[in-house]
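Asker: Protein chains in written order, with our numbering: chain A, 1 to 272; chain B, 1 to 277; chain C, 1 to 251.
Check before you lean on any hint, since a few could be wrong.
What the hints assert, rightly or not - A few chain B residues that don't get close to chain A, going by computed Cβ distances all over 10 Å:
| hint | residue |
| --- | --- |
| 1 | Gly-35 |
| 2 | Leu-40 |
| 3 | Asp-49 |
| 4 | Val-50 |
| 5 | Tyr-57 |
| 6 | Ile-60 |
| 7 | Leu-72 |
| 8 | Asn-91 |
| 9 | Gln-164 |
| 10 | Ser-189 |
| 11 | Gly-223 |
| 12 | Leu-245 |
Unchecked claim - With beta-carbon atoms standing in for the labels, derived distance ranges:
| hint | chain 1 | residue 1 | chain 2 | residue 2 | range |
| --- | --- | --- | --- | --- | --- |
| 13 | B | Phe-182 | A | Thr-260 | 49 to 55 Å |
| 14 | B | Ala-242 | A | Thr-5 | 55 to 61 Å |
| 15 | C | Leu-221 | B | Phe-182 | 47 to 53 Å |
| 16 | B | Pro-51 | A | Ile-8 | 55 to 61 Å |
| 17 | A | Lys-89 | B | Tyr-57 | 46 to 52 Å |
| 18 | B | Met-17 | A | Glu-237 | 35 to 41 Å |
| 19 | B | Tyr-57 | A | Val-261 | 43 to 49 Å |
These aren't lab readings, by the way, just hints derived from the structure by calculation.
Keep in mind that this is a model prediction, so the values were computed, not measured.
The beta carbon of each residue, even a glycine, is placed where N, CA and C say it ideally should be.
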Amino acid sequence: MAKQTSFILKSFVMAATIITFGILLFLIGYILIKGVPYLTPSLFNMSYTSENVSMFPSIINTVLMTLLSLMIAIPFGLFTAIYLVEYAKRGNKLVEIIRLTSETLAGIPSIVYGLFGMLFFVTYLGWGYSILAGSATLSVMILPLIIRTTEEALKSVPDSYREASFGLGAGQLRTVFHIVLPSAVPGILAGVILAIGRIVGETAALIYTAGTVAKLPKDLLSSARTLSVHMYTLSSEGFHTNEAFATAVVLLIIVLLINTVSMVIARKVTKI
Amino acid sequence: MKNIFLTAALVTIFAIMLICVFLFANGIPAMKEIGLPEFLLGTDWSPGDVPASFGIYPMILGSISVTLGAVLFGVPIGLLTAVFMAYYCPNGLYKVLKPAVELLAGIPSVVYGFFGLMILVPFVRNLFGGNGNSILTASILLGIMILPTVIGVSESAIRAVPDQYYEGSLALGATHERTVFFTILPAASSGIFTAVVLGIGRAIGETMAVIMVAGNQARMPAGILKGIRTMTANIVLEMGYAADLHRGALIATGVILLLFILFINITFYLLKRRATI
Amino acid sequence: MNKEKIKITGIDLYYGDFQALKNINMILPQNKITAFIGPSGCGKTTLLKSLNRMNDLISDCRISGEILLDGQNIYENIDVNLLRKRVGMVFQKPNLFPMSIYDNVAYGPRTHGIRSKVMLDEIVEKSLVRAVIWDEVKDRIKKSALSLSGGQQQRICIARALAVEPEVLLMDEPTSALDPVSTSKIEELVLELKNDYTIIIVTHNMQQAVRVSDKTAFFLLGEIVEYRDTESIFSMPEDKRTEDYITGRFG
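I would like the entire structure built from these sequences, with the hints used as guidance.
Answerer: Dropping the structure here:
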């Protein structure tokens, strides 16, 4: 009897595992098979036309959007985490509030960020559909992620380093910048890379903040679509299915790259 | 310098306040104009009619039904996979599967949506009839999308259970399976609960993938093989051309969505606190 | 001859509601080695850390009373960082930074504003020589300090502390994590250093106290039970509790 139950339970476990990884394999295989043949050089032309839906401008836009969002979010996220870990006293009410708000921020769906970005950056600040408005929206979106991972990284720096530095007469600031931060870099980097992944994959928050113009931007106030938005537009228009597959391949490759880099860094973290 | 750090921290709080302020300031007037009961419980959404009606009840039900469906598909499979990862997986295989789960988490939702559109929609259409864009399709797709969250969080919860439990149970003559399912899983239940809540959060907030497979008809759910529109889809589909009260009603939809999420998070937070006390 | 370096008067110290030090009074003489002994949790490390205000880092720690360093109260109108420069510290476990040996030793001087490469080189070498580790590491001072053995690391820690030219050196069980050979090297070093520094060493090892210290204070439950010349305290303890402790009957 016990043996039978065990067998059934074990079969469930195996079946579920096969389903999970079967789906993943199938998804990747399917997209590669359907997409790779259409990865033609013309898809990487400098400009997008309705005949040749080049993804090159979107790739450039994605890079721009990523850099800009990180430039806004990293300083705020880093400093907030430094405040929480290195400066705030334990049991501080403010710390509680910040932690609660950043956890809440982390749970908000991206479409809500998109709505907010549209109301605040696009309309209220008058930036229009633009790279700037899109990046600002994304940076609010990734802020909690950066704060949380940086906090973890800072906390994992042994207190003995801090003690040693204080013991030599170094102040708080010097200790943070010369001792704690350098040791926390790999952890912080892992968080940044996760954030890049979210930015690259984001669509809902961008449609009504950065818009869907498929050209290279003239300036930061130009509307521009990222690769994910590009893919959404292609697939919802329905005329360019093959190109959509090809775009999906590129997105998958980017995700794979990001994951590999973060894995290498994570391994480095555990080594220390 | 301390003040610079403090300022950064305050900006974080300010950001969330700003999100609430702007959404509420733009959404609440619309709710008032429509009438809250009419808005929340009205079964008719026809912004183009004269007079227009803005009832988001169908969309609320839509969001809830696809989320429930996703939990139904994603949680059992995810949890069992987590059990495999923690208790059955050989080391060599684990080195491949763990990054695979992370890959699953990193795939953009448009890619999932596109996959759903090309594979799941025809699959459901051929197997069950209907046109394929349905609650069922959306549920399966969302179920797949919450897998990495469920697997990751439950796996760490399972691993956090002390080894003594496992050894203690085996020492009493229980089988490996019995031990895992009747000793380890109950001990990890609070972490598994976290996994489910995070999965729900991800499913209810998902937008692009759902739009691509759910059919998006703004009507009351008519069966799992019929299409449905979620709150998230409602916003994205119509915001592009909405004006005046219509636009306000869409923002108000966002407010309701935000409240849903906050409600889930706060309930979760309270339950978790009660569990730790 | 026995100039007062540090004078402690009526120190009470609390962690939250717990009183860790009760009315401590003592004088620590210059250029002598004073050992603090006693069972775990008796307050000896707490007192040590009050001397360079490392207790400030603990948020619910309150202290009252007076500690004078060369007649100046270290809890009033003083730059804590300069105090810690004057009163250096070596910790229980070697706690080198994940940098090169050179950068570890140069961290203190750099902190206090020395930028000149020539001066830093000189300080680093001098400190490593003083800590009797120079010959072992001179060929690899630009390499990571974390590749050294525990005993070597601890001597680098001492060099690092010496590099800021302190007047007092606090040592918190500096050999508890080390093997016997490394321990005896550190002890020799400590005896050497006494000519230039006032040293206070916390130790669990009674023999070590006998070997290196001039004076010994025995702590119990946050109080000083006995504080006298090392020789006399170990040969003729006045208090029954001291006797019990040093003969190994408890603790």
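Asker: Please go over all the hints and tell whether each is borne out by the structure.
Answerer: Hint check:
no.: 1; hint: Gly-35; verdict: holds (22 Å)
no.: 2; hint: Leu-40; verdict: holds (18 Å)
no.: 3; hint: Asp-49; verdict: holds (24 Å)
no.: 4; hint: Val-50; verdict: holds (26 Å)
no.: 5; hint: Tyr-57; verdict: holds (19 Å)
no.: 6; hint: Ile-60; verdict: holds (15 Å)
no.: 7; hint: Leu-72; verdict: holds (14 Å)
no.: 8; hint: Asn-91; verdict: holds (15 Å)
no.: 9; hint: Gln-164; verdict: holds (22 Å)
no.: 10; hint: Ser-189; verdict: holds (17 Å)
no.: 11; hint: Gly-223; verdict: holds (25 Å)
no.: 12; hint: Leu-245; verdict: holds (16 Å)
no.: 13; hint: B/Phe-182 / A/Thr-260: 49 to 55 Å; verdict: violated (39 Å)
no.: 14; hint: B/Ala-242 / A/Thr-5: 55 to 61 Å; verdict: holds (56 Å)
no.: 15; hint: C/Leu-221 / B/Phe-182: 47 to 53 Å; verdict: holds (49 Å)
no.: 16; hint: B/Pro-51 / A/Ile-8: 55 to 61 Å; verdict: holds (59 Å)
no.: 17; hint: A/Lys-89 / B/Tyr-57: 46 to 52 Å; verdict: holds (48 Å)
no.: 18; hint: B/Met-17 / A/Glu-237: 35 to 41 Å; verdict: holds (38 Å)
no.: 19; hint: B/Tyr-57 / A/Val-261: 43 to 49 Å; verdict: holds (46 Å)
In this structure, only the earlier hint numbered 13 is contradicted, and the remaining ones agree with it.
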